[in-house]
Amino acid sequence: MAKFNFIASLNGEELNKSPLRQLWRHFKSNHVALVGLWLFIALTILATLAPVLAPYGVNQQHSDALLLPPSWDDAGDVRFILGTDDLGRDVLSRLINGTTYTFGLAILTALITTLLGVILGVFAGMSKGVRSSILNHILDVTLSIPSLLLAIIIIALLGPGLLNTVWAIILALLPQYIHSVRNLVVQELSKDYIVAQWLDGANSWHVLSRGIFPNIYEHIVVIFTMSLSTAILDISALGFLKLGAQPPTAEWGAILAENLGFIYLAPWTVALPGILLFFAVLATNLVGDGLRTALKKRKAI
Amino acid sequence: MQPILKVQALSKTFKIRDRFFLRKKFKVLEDISFCLSKGETIAIIGETGSGKSTLAKILAGAEVSQKGQILLEGKVIEDDGKRKTSCRDIRLIFQDASKSLNPGITIGKTLNEILLMNTHYDAAQRQESIKNNLLKVGLLAEHQDYYPHMFSGGQLQRIALARALILEPKVLVLDEALSSLDPSVRAQTVNLLLKLQQETGLSYVLITHHLSLVKHMSDQTLVLDQGKVIEAGKTQALFIKHKSKITQRLLNC
Ligand SMILES: Nc1ncnc2c1ncn2[C@@H]1O[C@H](COP(=O)(O)OP(=O)(O)OP(=O)(O)O)[C@@H](O)[C@H]1O
Ligand SMILES: [Mg+2]
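Residue numbers (the working numbering), protein chains in the order written: chain A, 2 to 302; chain B, 162 to 414.
Keep in mind the hints are simulated off the structure, nothing from the lab. By construction, the Cβ of each residue, glycine as well, lies at the ideal position given by its N, Cα and C atoms. Mixed in with the good hints, there may be bad ones.
Unchecked claim - As a list, the in silico SDA-like pairs of lysine to any residue whose alpha-carbon atoms are at most 20 Å apart:
#: 1; chain 1: A; residue 1: Lys-300; chain 2: B; residue 2: Thr-267
#: 2; chain 1: A; residue 1: Lys-297; chain 2: A; residue 2: Trp-199
#: 3; chain 1: B; residue 1: Lys-186; chain 2: B; residue 2: Lys-228
#: 4; chain 1: A; residue 1: Lys-192; chain 2: A; residue 2: Ser-181
#: 5; chain 1: A; residue 1: Lys-300; chain 2: A; residue 2: Trp-199
#: 6; chain 1: B; residue 1: Lys-243; chain 2: A; residue 2: Asn-204
#: 7; chain 1: B; residue 1: Lys-167; chain 2: B; residue 2: Asp-380
#: 8; chain 1: A; residue 1: Lys-192; chain 2: B; residue 2: Glu-224
#: 9; chain 1: B; residue 1: Lys-260; chain 2: A; residue 2: Trp-25
#: 10; chain 1: A; residue 1: Lys-298; chain 2: A; residue 2: Val-33
#: 11; chain 1: A; residue 1: Lys-300; chain 2: B; residue 2: Ser-259
#: 12; chain 1: B; residue 1: Lys-260; chain 2: A; residue 2: Pro-215
#: 13; chain 1: A; residue 1: Lys-18; chain 2: B; residue 2: Lys-243
#: 14; chain 1: B; residue 1: Lys-260; chain 2: A; residue 2: Val-187
#: 15; chain 1: A; residue 1: Lys-300; chain 2: A; residue 2: Trp-25
#: 16; chain 1: B; residue 1: Lys-236; chain 2: B; residue 2: Phe-195
#: 17; chain 1: A; residue 1: Lys-18; chain 2: B; residue 2: Thr-267
#: 18; chain 1: B; residue 1: Lys-260; chain 2: A; residue 2: Val-33
#: 19; chain 1: B; residue 1: Lys-245; chain 2: B; residue 2: Lys-260
#: 20; chain 1: B; residue 1: Lys-218; chain 2: B; residue 2: Gly-242
Said to hold, decoys possible - Facing chain A, a subset of chain B residues (Cβ under 10 Å, in silico):
#: 21; residue: Phe-195
#: 22; residue: Ser-198
#: 23; residue: Ala-221
#: 24; residue: Val-225
#: 25; residue: Thr-271
#: 26; residue: His-310
What the hints assert, rightly or not - Covered, in the sense of this in silico footprint (three residues per stretch, anywhere, with C-beta under 8 Å from a C-beta of chain B), are these stretches of chain A:
#: 27; stretch: 170-177
#: 28; stretch: 184-197
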């Protein structure tokens with residue numbers, strides 16, 4: 002029996018790792034993406050622990066402190082670090098609670114979309130013939146409409162409200178999701194190792210769970226981050242348009258709309274939710290982008 | 162002696178899209194017949210597009226034929242396009258081993274899956290079988306925790322071999338399986354294949370462009386051209402004396 006040196010082919014630490022660990026290494030080397038990840042984690046913690054972390058209640062009014070500027074201003078008060086709004090509510094507490102609505106609810110929305118999108122996308126990808134072509138045409142039509150517009154149309158049918166917003170956004174995001182997952186599945190299905198798996202006696206379920214899924218779940222995470230940033234923007238946009246969360250719900254878009262009248266008098270009440278919104282979307286996009294480049298780099302080896 | 166693999170008048174047509182909604186029929190294989198005995202090797206050569214890979218896929222069960230029979234040890238396993246038993250006695254080894262292994266899971270998991278689906282072994286027996294098969298093809302038991310990207314091309318082809326052998330098949334179909342390997346690794350793999358053949362009486366269907374391999378490994382040779390068998394016979398005899406021009410051309414290059 003020929004002896005051959007298996008160590009030689011394994012030199013370089015890089016190769017000697019599971020695909021997931023490789024991905025993490027590539028992701029780690031991208032500092033910007035890492036910052037995005039920390040920001041993302043911070044926002045997630047804020048969203049889950051909002052009531053505990055907020056110094057005051059969401060709708061607790063302080064009649065002695067109306068439209069107080071942030072504490073670093075000369076007119077500010079240390080009790081209200083980011084100032085108060087026209088009803089004397091603590092801006093910081095409202096923004097922290099807003100994380101739960103805007104960011105937390107967006108995550109929930111994106112998760113439900115992922116669940117539905119993956120199931121339907123896999124179904125679309127595995128089916129052949131007439132069924133798949135009908136599905137494709139339906140998807141193509143819905144894909145040509147921007148998600149926010151689609152969400153507004155659905156809201157018009159369902160009526161405004163936070164819960165309806167969530168459903169509307171799920172329905173609006175779904176076509177894109179199904180399309181992407183379907184493409185991933187179709188791409189995988191044509192590969193040799195799937196044919197080999199059929200020949201090993203696998204049924205559809207085996208092929209799906211052991212063959213396709215281990216190779217596409219990272220891509221699904223990337224799609225998840227993309228739909229998450231859309232969901233954040235859509236939830237706050239609909240809140241801002243008074244179609245989504247209604248005052249006094251502390252949703253960032255709704256806070257923005259509520260305080261728009263005081264933009265000259267109390268600019269912090271408008272600027273702060275805007276900045277937070279910006280950071281939430283930025284963090285999500287940085288993580289998604291970092292993942293995508295890491296996936297690409299791993300494939301290049 | 163009864164042949165282990167017998168192919169009778171196998172035909173296959175592909176329907177390909179033509180202009181408008183018309184479908185054009187395209188004959189890929191026509192009336193292919195051959196016999197293969199235990200422990201023997203049959204080489205199939207032919208120009209590109211002559212249907213060699215299609216034949217390999219049909220034998221392994223990845224495609225179905227339209228007409229003709231495939232018999233394994235006298236039992237019909239495919240009759241006029243209907244595969245009778247989901248049999249794993251004929252196994253296919255792909256040209257590109259790196260693509261035929263699932264990159265997302267370890268080698269051990271891939272092998273374990275195969276045993277789970279096809280045998281009633283318990284966990285210990287499966288582990289034993291995986292270990293034995295890796296050793297059989299010249300790898301180490303520790304390799305089962307590795308992912309496909311950690312191996313070299315030659316090692317991957319060995320893993321593909323282990324994967325095929327783990328179900329103790331009777332026939333191995335090698336579709337250009339040795340072509341992508343560099344010469345020294347190819348020689349090692351050929352030696353391994355010949356050793357396995359001697360030990361277990363495996364039969365090979367060897368599809369290749371390498372005439373040296375055909376000479377070295379095969380007992381019979383089948384020359385395909387545009388889906389038809391144009392010449393067949395003992396390899397040595399065929400190399401010395403052949404009738405058709407196409408064979409002449411194939412053997413010269
Ligand atoms: N799924 C398919 N649908 C339609 N035509 C096909 C299909 N698969 C193969 N063919 C055609 O069948 C013919 C034979 O293909 P095959 O892959 O068997 O050739 P081959 O002998 O293996 O060639 P090569 O030496 O290049 O590997 C080709 O002309 C090819 O275009
Ligand atoms: Mg071929």
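Outcome of the hint check:
Proposed proximity of A:Lys-300 and B:Thr-267 is supported: the alpha carbons are some 17 Å apart, at most 20 Å. Distance restraint check for A:Lys-297 and A:Trp-199: the Cα-Cα separation of roughly 28 Å exceeds the 20 Å cut-off, and the hinted pair is therefore not satisfied. Restraint check for B:Lys-186 and B:Lys-228: satisfied, since their Cα atoms lie roughly 14 Å apart, inside the 20 Å limit. Simply put, A:Lys-192 and A:Ser-181 have alpha-carbon atoms about 18 Å apart, close enough for the 20 Å limit, and the pair holds.
Between A:Lys-300 and A:Trp-199 the alpha-carbon distance is near 25 Å, which puts this suggested pair outside the 20 Å criterion. For the hint linking B:Lys-243 to A:Asn-204, the alpha-carbon distance of about 18 Å falls within 20 Å, and the restraint holds. Distance hint between B:Lys-167 and B:Asp-380 is fulfilled; the C-alpha atoms sit about 15 Å from each other, no more than 20 Å. Annotation: proposed proximity of A:Lys-192 to B:Glu-224 holds, straight-line Cα distance about 15 Å (limit 20 Å).
Under the criterion of a C-alpha separation no larger than 20 Å, the hint pairing B:Lys-260 with A:Trp-25 is inconsistent with the structure, at around 23 Å. Proposed proximity of A:Lys-298 and A:Val-33 is supported: the alpha carbons are some 16 Å apart, at most 20 Å. Distance hint between A:Lys-300 and B:Ser-259 is fulfilled; the C-alpha atoms sit about 13 Å from each other, no more than 20 Å. Between B:Lys-260 and A:Pro-215 the CA atoms are separated by roughly 15 Å; this keeps the pair inside 20 Å, and the hint holds.
The suggested pairing of A:Lys-18 with B:Lys-243 is violated, with an alpha-carbon distance near 44 Å, which exceeds 20 Å. Distance restraint check for B:Lys-260 and A:Val-187: the Cα-Cα separation of roughly 16 Å lies within the 20 Å cut-off, and the hinted pair is therefore satisfied. Our distance criterion of 20 Å between C-alpha atoms is met by A:Lys-300 and A:Trp-25, whose separation comes to about 13 Å. Of the supplied pair hints, the one linking B:Lys-236 and B:Phe-195 holds, its CA atoms being roughly 15 Å apart against a limit of 20 Å.
A hinted pair counts as satisfied when its Cα atoms are at most 20 Å apart, and A:Lys-18 with B:Thr-267 qualifies at roughly 11 Å. Straight-line distance between C-alpha atoms of B:Lys-260 and A:Val-33 comes to about 34 Å, which puts the hinted pair past the 20 Å bound. For the given pair, B:Lys-245 sits about 29 Å from B:Lys-260 by alpha-carbon distance, which is inconsistent with the 20 Å threshold. For the suggested pair B:Lys-218 and B:Gly-242, the alpha carbons sit about 13 Å apart, so the restraint of at most 20 Å is met.
Against a cut-off of 10 Å between C-beta atoms, the interface hint on B:Phe-195 is violated, since the closest Cβ of chain A lies about 21 Å away. This hint is violated: B:Ser-198 has a C-beta 24 Å from the nearest C-beta of chain A, more than the 10 Å allowed. Here the hint on B:Ala-221 is kept, as its CB sits about 6 Å from the closest CB of chain A, short of 10 Å. Because the beta carbon of B:Val-225 sits about 12 Å from the nearest beta carbon in chain A, more than 10 Å, this interface hint is broken.
Proximity of B:Thr-271 to chain A holds as hinted, the smallest CB-CB distance being about 8 Å (cut-off 10 Å). The beta carbon of B:His-310 comes within 7 Å of a beta carbon in chain A, closer than 10 Å, and the hint placing it at the interface holds. For the stretch 170-177 of chain A, the proposed coverage by chain B is not satisfied: 0 residues have a C-beta within less than 8 Å of a C-beta in that chain, short of the threshold of three. As drawn, the stretch 184-197 of chain A meets chain B at 5 residues by the rule of a beta-carbon pair under 8 Å; at three or more, the given contact holds.
In this structure, the hints that do not hold are numbers 2, 5, 9, 13, 18, 19, 21, 22, 24 and 27, in rising order.
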